[in-house]
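Chains as they are written, first to last, in numbering that gives the first Met the number 0: chain A, 0 to 183; chain B, 0 to 217.
Be a bit skeptical, because a hint or two may be false.
To list a few chain A residues with every Cβ distance to chain B over 10 angstroms, as calculated [as the list claims (entries may be wrong)]:
#1 Arg35
#2 Arg42
#3 Tyr64
#4 Pro131
#5 Gly133
#6 Thr148
#7 Leu155
Going by beta-carbon spacing under 8 angstroms, a handful of chain A positions derived as facing chain B [stated by the list, open to error]:
#8 Glu27
#9 Ser39
#10 Gln44
#11 Phe55
#12 Met71
#13 Leu114
#14 Leu124
#15 Leu166
Listed next, the in silico BS3-like pairs over lysine-lysine satisfying Cα-Cα at most 27 angstroms (straight line) [claimed, not checked]:
#16 A/Lys129 to B/Lys206
#17 B/Lys2 to A/Lys129
#18 B/Lys206 to A/Lys121
#19 B/Lys2 to A/Lys175
#20 B/Lys2 to A/Lys98
Don't read these hints as lab results, they were simulated from the structure.
All C-beta atoms in this analysis are idealised placements derived from N, C-alpha and C, irrespective of residue type, glycine included.
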Amino acid sequence: MASIEECSLVLSSMEGTGSEIDLTALVETYSALLFRVAYSVLRCQPEAEDVVQDAFVRVLERRSYLPVVRDMRVWLIRITWNLSIDRRRRIRPEQMDEKFADSLAARNTPADEALAEARQMKAVLREIEKLPKGERNALLLSAIEELGTAEIAKVLGRSESAVRALLFRARARLNKRLEKGGSA
Amino acid sequence: MRKSPEEAVTRVLAGLRDAEPPAGMERRILEAVHNRASVKSTSAWHRLRPMWLIPSFTRWSTQPRIWGVGLVCAAAIFLAVSMIHRTQHIPTSAIPANVADARATIDAQHPHSPKEIATTAQFASPTPSRRSTRRTYLRRTALIPDTDSQALREMRASNHPAPPMPLTEQEKLLLRIAHKRAPEELAELNPVQRDARDAQQKAEVQKFFEPAPTRNNE
Numbered sequence: 000m001a002s003i004e005e006c007s008l009v010l011s012s013m014e015g016t017g018s019e020i021d022l023t024a025l026v027e028t029y030s031a032l033l034f035r036v037a038y039s040v041l042r043c044q045p046e047a048e049d050v051v052q053d054a055f056v057r058v059l060e061r062r063s064y065l066p067v068v069r070d071m072r073v074w075l076i077r078i079t080w081n082l083s084i085d086r087r088r089r090i091r092p093e094q095m096d097e098k099f100a101d102s103l104a105a106r107n108t109p110a111d112e113a114l115a116e117a118r119q120m121k122a123v124l125r126e127i128e129k130l131p132k133g134e135r136n137a138l139l140l141s142a143i144e145e146l147g148t149a150e151i152a153k154v155l156g157r158s159e160s161a162v163r164a165l166l167f168r169a170r171a172r173l174n175k176r177l178e179k180g181g182s183a
Numbered sequence: 000m001r002k003s004p005e006e007a008v009t010r011v012l013a014g015l016r017d018a019e020p021p022a023g024m025e026r027r028i029l030e031a032v033h034n035r036a037s038v039k040s041t042s043a044w045h046r047l048r049p050m051w052l053i054p055s056f057t058r059w060s061t062q063p064r065i066w067g068v069g070l071v072c073a074a075a076i077f078l079a080v081s082m083i084h085r086t087q088h089i090p091t092s093a094i095p096a097n098v099a100d101a102r103a104t105i106d107a108q109h110p111h112s113p114k115e116i117a118t119t120a121q122f123a124s125p126t127p128s129r130r131s132t133r134r135t136y137l138r139r140t141a142l143i144p145d146t147d148s149q150a151l152r153e154m155r156a157s158n159h160p161a162p163p164m165p166l167t168e169q170e171k172l173l174l175r176i177a178h179k180r181a182p183e184e185l186a187e188l189n190p191v192q193r194d195a196r197d198a199q200q201k202a203e204v205q206k207f208f209e210p211a212p213t214r215n216n217e
C-alpha cells in the first residue's frame, strides 16, 4: 500500500503533467536561441546559461499565461533579453568582454598579431557599449541569425523602419569612432 | 594584420552569432525546472492540509480541486465548533473551587457573557493533548518553507542600480584644467586679482618711462 506522501506527490505530478510537458518542449525548441540572445549581451557562457534557466523558471511561474501568449518565441526572447540586461548591470562586463575578445582573435597567427587583433576586438566591444541604448540593443539583436528585423522590432517594441534606422546609425557611428582612434 | 573598422565590427557580431550553448545545457535547465516544479507542487496549501485528510483527498482525486478545498474548510469549521462546544460543557468537578466561585459571580453580574472567557483563562484545558496538537498544527502552518516566499521575493526585488556612468569628454576636460594648470593661471581667472595685476603692470611700465630725476635739479 502506497504511503500517504507518495499519493500526494503522484497527485501533484498528475496535476502538473500538462504544463511540464509543454515546458520540456519549450526548452528543447528555444534554449539554444535564448542562449544566443543572452550571450549577445553577457558574452559569458555560464552567465548566459543561468539567464536562460531563469527565463524558463519564470515561464514555469507564469505558466497560466501560456495559452494567452500569441507569439511564444518573441515572448521568451523578451524575457531573456530583459533578464540579460539586468544581469549585465550586476556583473563586471569588462572581464567578460576580455575573454570574449581573446576568443575572437585568430588562432593560427603569431602571438603579437593575435594580441593586436584581440585589442581591436576589445575596442569594438567598448565602442558598442558606448552606443546609445536603442542602437546598441538593435545591433546586438541583429547579430542573432534567427531573428529578422520584424522580430527585433517586436522584442524592442519599435517599428521595423525604426529598427533599420537604428542599425544603420549604429554601424555608421561605430565605424566613425573606430576610425577616429577608438581602435587604439 | 589589422582589420578595418567595418571588418572588426562584422567579426565581433559573427562571434556573437556563432556562439554555441555549452554541452548538456538543455538537460541542466530541464532538471532545474523540474526541481522547481516539484517544490511548487508541495505548495503552501498542500502543507496546510492535515495528514488525516489525505486519504479522503486521494479517494476523491478524480474530483475537481474545489472538493478538496471545501473538505478542508468543513474540517476546520468542525474543529472550531467542537472546541467551542467542549469549552462550554466542562464538568463542574474539573473546575477549582475559587474559579467556580468567580465563575458564579461573573455569571451573576453578566448573565450573557461568554463562559469560555472565564474558564479557559483560569485553568488548564481538560484535553491537553488537543491543545498541544493545535499548537503543533499552528507551528507547522507558520513554518511555511522559505523557498516559495524567497523565490517570490527575488522575483519582485528591484534591480540593482546601474553603476555610475563614466565621465563625459567635457567633464574630463574640466578635471584636466582644474588639476593640471598652474595655480597662477587658475588665479588669473579671478577678475579682482586680474585687475590688480594689470594695474601693477601698468604702474611699472609708467615708472619705467618716467623721466628720471636729474642731478642738476638737486
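Here is what the structure says about each hint:
1. For A/Arg35, the requirement that its beta carbon stay farther than 10 angstroms from each beta carbon of chain B is not met, with the minimum near 6 angstroms.
2. For A/Arg42, the requirement that its beta carbon stay farther than 10 angstroms from each beta carbon of chain B is not met, with the minimum near 8 angstroms.
3. Every Cβ of chain B is farther than 10 angstroms from the Cβ of A/Tyr64; the closest lies at roughly 14 angstroms, confirming the non-interface assignment.
4. Every CB of chain B lies more than 10 angstroms from the CB of A/Pro131, the least distance being 13 angstroms, so the non-interface label holds.
5. The claim that A/Gly133 lies off the interface holds: its Cβ sits roughly 16 angstroms from the closest Cβ of chain B, which is beyond the 10 angstroms cut-off.
6. Under the 10 angstroms C-beta cut-off, the non-interface status given to A/Thr148 relative to chain B holds; the minimum distance is some 15 angstroms.
7. The claim that A/Leu155 is not at the interface with chain B holds, since no C-beta of that chain comes within 10 angstroms of its own (minimum 17 angstroms).
8. At about 6 angstroms, the closest approach between the beta carbon of A/Glu27 and any beta carbon in chain B falls short of 8 angstroms, and the interface hint on this residue holds.
9. About 5 angstroms separates the beta-carbon of A/Ser39 from the nearest beta-carbon of chain B, less than 8 angstroms, and the hint is met.
10. Hint status for A/Gln44: holds, given a least beta-carbon distance of 5 angstroms to chain B, under 8 angstroms.
11. Taken as an interface hint, A/Phe55 checks out: its beta carbon lies about 5 angstroms from the nearest beta carbon of chain B, inside 8 angstroms.
12. Given hint, A/Met71 at the interface with chain B, is violated; its Cβ is 16 angstroms from that chain's nearest Cβ, farther than 8 angstroms.
13. Nearest Cβ of chain B to the Cβ of A/Leu114: about 12 angstroms, over the 8 angstroms cut. The hint is violated.
14. The restraint placing A/Leu124 at the interface with chain B holds, with a minimum CB-CB distance near 6 angstroms, inside the 8 angstroms limit.
15. The restraint placing A/Leu166 at the interface with chain B is violated, with a minimum CB-CB distance near 11 angstroms, outside the 8 angstroms limit.
16. Restraint check: the Cα-Cα separation between A/Lys129 and B/Lys206 comes to about 59 angstroms, which exceeds 27 angstroms; the hinted pair is violated.
17. For the proposed pair B/Lys2 and A/Lys129, the alpha carbon gap of about 21 angstroms is at most 27 angstroms, so the pair holds.
18. Under the criterion of a C-alpha separation no larger than 27 angstroms, the hint pairing B/Lys206 with A/Lys121 is inconsistent with the structure, at around 64 angstroms.
19. In summary, the hint linking B/Lys2 to A/Lys175 is supported, as the alpha carbons are separated by about 14 angstroms, within the 27 angstroms threshold.
20. For the proposed pair B/Lys2 and A/Lys98, the alpha carbon gap of about 19 angstroms is at most 27 angstroms, so the pair holds.
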